[in-house]
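Please build the complex by placing chain S on the supplied structure of chain R, with the hints as guidance.
Each chain, written out:
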Amino acid sequence: GEDVEQSLFLSVREGDSSVINCTYTDSSSTYLYWYKQEPGAGLQLLTYIFSNMDMKQDQRLTVLLNKKDKHLSLRIADTQTGDSAIYFCAESMGEDKIIFGKGTRLHILP
Amino acid sequence: GAGVSQTPSNKVTEKGKYVELRCDPISGHTALYWYRQSLGQGPEFLIYFQGTGAADDSGLPNDRFFAVRPEGSVSTLKIQRTERGDSAVYLCASSLTGGATEAFFGQGTRLTVV
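Residue numbers (my numbering), protein chains in the order written: chain R, 1 to 110; chain S, 1001 to 1114.
To spell it out: a stretch of chain S is covered by chain R in this simulated footprint if at least three of its residues, at any positions, have a beta carbon under 8 Å from a beta carbon of chain R; those stretches are: (1) 1038 to 1049; (2) 1055 to 1061; (3) 1087 to 1101; (4) 1105 to 1111.
Calculated lysine to aspartate or glutamate pairs in the DMTMM-like style (CA-CA distance at most 25 Å, straight line): (5) S:Lys-1078 x S:Asp-1024; (6) R:Lys-70 x R:Asp-26; (7) R:Lys-56 x R:Glu-5; (8) R:Lys-68 x R:Asp-26; (9) R:Lys-56 x R:Asp-16; (10) R:Lys-36 x S:Asp-1024; (11) R:Lys-102 x S:Asp-1086; (12) S:Lys-1078 x S:Asp-1063; (13) R:Lys-56 x R:Asp-69; (14) R:Lys-36 x R:Asp-54; (15) R:Lys-67 x S:Glu-1102; (16) R:Lys-67 x S:Glu-1044; (17) R:Lys-68 x R:Asp-96; (18) S:Lys-1011 x R:Glu-38; (19) R:Lys-102 x S:Asp-1057; (20) R:Lys-102 x S:Glu-1044; (21) R:Lys-102 x R:Asp-54; (22) S:Lys-1078 x R:Asp-96; (23) R:Lys-36 x R:Glu-14; (24) R:Lys-102 x S:Glu-1083; (25) S:Lys-1015 x S:Glu-1044; (26) R:Lys-56 x S:Glu-1102; (27) R:Lys-70 x S:Glu-1102; (28) R:Lys-36 x S:Glu-1044; (29) R:Lys-102 x S:Asp-1056.
In case anyone wonders, no lab produced these hints; they're calculated from the structure.
Every residue gets a Cβ at the ideal spot worked out from N, C-alpha and C, and that includes glycine.
With the rest of the complex left out, here is chain R (with noise of 0.2 Å):
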């Protein structure tokens, strides 16, 4: 079956570098993204990375993905502030319905 679990809480100091961490189950996913969710705010695409890539870089942020492991992670450097938000890890087969995870929050410490 379908599904994505990750870790729900992570705090992490201003300036360092924050790491989520995901795991999936369908080995046939086409798609795997990262999507972050503001208070107020609607769902942001963040990134998304194609299944048979293990790597993609996008300004501060940073997507491996090990496909023998089903394991992606999200690497976001310098946190700032502006970065507390709820992470969600997601999956998809292409045009049809993405499978997200819980959702990790991220709190930043001053």
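Using the frame of chain R, we list chain S on its own:
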């Protein structure tokens, strides 16, 4: 419009009543998705439209839930005989041709059943 618009933003209804939630997708987007997000959970897929037809409705929890998109643009999610467990934020997303990688989400409708 500039983004996906959902109305109302908040809806409080009594148990047993019927509700309709509306989604206005981005102009020209052929694909439209409905999700439900309960407190402390990630969004849960309900239904996906490609044009006017429901391409995948496997996420609708039971026959009290129904969605339409008669002209391939605006969609309405309809919930009959609401139950307290239906309380959640209902999210709508649209994409140009049907790729989840290009889906944009609305702000959601918070439904509270009392």
